[in-house]
Amino acid sequence: MDPELMRLYEISYLVSPALAEDKASSAVLPLKDLLAGKNVVVSAEEFPKFRRLAYPIRVAATGEKKQVFDSASFGWIRFEADAETIGEAKKLFASSPDIIRFLIVKAEAPEPAKIFTSRSVRHIEPAFPISEKQTSGIPVEPKAIVSEEELDRKIDELVGV
Amino acid sequence: MGPNSAHIHKTFDYKNQELLKKFLNPHGRILSRSRTGLTSKAQRSLALAVKRARFMALLPFVAR
Chain A
1 MDPELMRLYE
11 ISYLVSPALA
21 EDKASSAVLP
31 LKDLLAGKNV
41 VVSAEEFPKF
51 RRLAYPIRVA
61 ATGEKKQVFD
71 SASFGWIRFE
81 ADAETIGEAK
91 KLFASSPDII
101 RFLIVKAEAP
111 EPAKIFTSRS
121 VRHIEPAFPI
131 SEKQTSGIPV
141 EPKAIVSEEE
151 LDRKIDELVG
161 V
Chain B
162 MGPNSAHIHK
172 TFDYKNQELL
182 KKFLNPHGRI
192 LSRSRTGLTS
202 KAQRSLALAV
212 KRARFMALLP
222 FVAR
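From first to last, the protein sequence lines stand for chains A and B. Going left to right, the first sequence walks through residues 1 to 161 as this note's numbering numbers them. Going left to right, the second sequence walks through residues 162 to 225 as this note's numbering numbers them.
By construction, these hints were calculated from the structure, which means they are not laboratory data. Treat the hints loosely; a few may be bogus.
With a straight-line cut-off of 30 Å between C-alpha atoms, the simulated DSS-like cross-links for lysine-lysine are [what the hints assert, rightly or not]:
{"hint": "1", "chain 1": "B", "residue 1": "Lys-212", "chain 2": "A", "residue 2": "Lys-154"}
{"hint": "2", "chain 1": "A", "residue 1": "Lys-49", "chain 2": "B", "residue 2": "Lys-171"}
{"hint": "3", "chain 1": "A", "residue 1": "Lys-23", "chain 2": "A", "residue 2": "Lys-91"}
{"hint": "4", "chain 1": "A", "residue 1": "Lys-65", "chain 2": "A", "residue 2": "Lys-106"}
{"hint": "5", "chain 1": "B", "residue 1": "Lys-182", "chain 2": "A", "residue 2": "Lys-49"}
{"hint": "6", "chain 1": "A", "residue 1": "Lys-65", "chain 2": "A", "residue 2": "Lys-38"}
{"hint": "7", "chain 1": "A", "residue 1": "Lys-90", "chain 2": "B", "residue 2": "Lys-176"}
{"hint": "8", "chain 1": "A", "residue 1": "Lys-154", "chain 2": "A", "residue 2": "Lys-90"}
{"hint": "9", "chain 1": "B", "residue 1": "Lys-171", "chain 2": "A", "residue 2": "Lys-91"}
{"hint": "10", "chain 1": "B", "residue 1": "Lys-171", "chain 2": "A", "residue 2": "Lys-106"}
{"hint": "11", "chain 1": "A", "residue 1": "Lys-32", "chain 2": "B", "residue 2": "Lys-212"}
{"hint": "12", "chain 1": "B", "residue 1": "Lys-171", "chain 2": "A", "residue 2": "Lys-23"}
{"hint": "13", "chain 1": "A", "residue 1": "Lys-65", "chain 2": "A", "residue 2": "Lys-154"}
{"hint": "14", "chain 1": "B", "residue 1": "Lys-183", "chain 2": "A", "residue 2": "Lys-49"}
{"hint": "15", "chain 1": "B", "residue 1": "Lys-183", "chain 2": "A", "residue 2": "Lys-32"}
{"hint": "16", "chain 1": "A", "residue 1": "Lys-90", "chain 2": "A", "residue 2": "Lys-66"}
Using the sequences plus the hints, can you model the full thing?
Structure below.
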């Protein structure tokens with residue numbers, strides 16, 4: 001595989017609740033320094049927000065007893081990088097004492113997560129775009145002038161008298 | 162039942178847990194395709210997104 005190949009990556013992470021929500025973003029500062037050193041531009045980002053976890057996470061710090069976390073700050077960062085950079089980022093996160101869990105994924109869509117909107121508020125596009133040009137292009141048939149007798153005759157014809 | 166919205170949802174994001182929750186039963190299991198009404202591709206995207214969200218503790222592996 002080409003090591004120079006740039007891919008869009010997304011790293012989401014959980015910061016230990018030992019760091020307050022406003023200080024949680026300092027846990028990703030080493031990553032930011034790494035990215036800045038490699039001239040990598042961060043394309044999207046969400047700062048860590050404090051939240052309850054869906055289940056308690058047990059993390060063993062090196063040589064210590066397992067710690068149980070039932071809340072953490074969840075944040076994510078998205079950037080385009082090569083394989084070498086993402087490998088270094090992975091090492092940084094794994095060795096960080098403040099980050100209790102992280103996930104690296106290849107991001108498909110360039111835009112960040114869309115908030116779900118219900119069908120009722122969704123804008124519906126017409127199946128065929130009707131423009132001014134199209135309507136004016138259609139030749140309008142001139143209305144034929146029909147006399148009373150002719151009309152009666154036609155009706156009789158249709159009725160079958 | 163999950164919203165029958167195959168034409169809206171083509172891909173799912175694991176961070177959008179409010180949306181993903183609509184496709185889980187009360188025990189936290191992913192609904193079947195017959196319940197969600199999704200296309201095959203969208204259902205696979207949903208399964209991947211739910212599993213990622215579970216790993217990051219945004220969704221439970223088992224509820225109740």
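Against the structure shown, which of the earlier numbered hints fail to hold, in ascending order?
Per hint list: 1, 4, 6, 8, 9, 12, 13, 15 violated.
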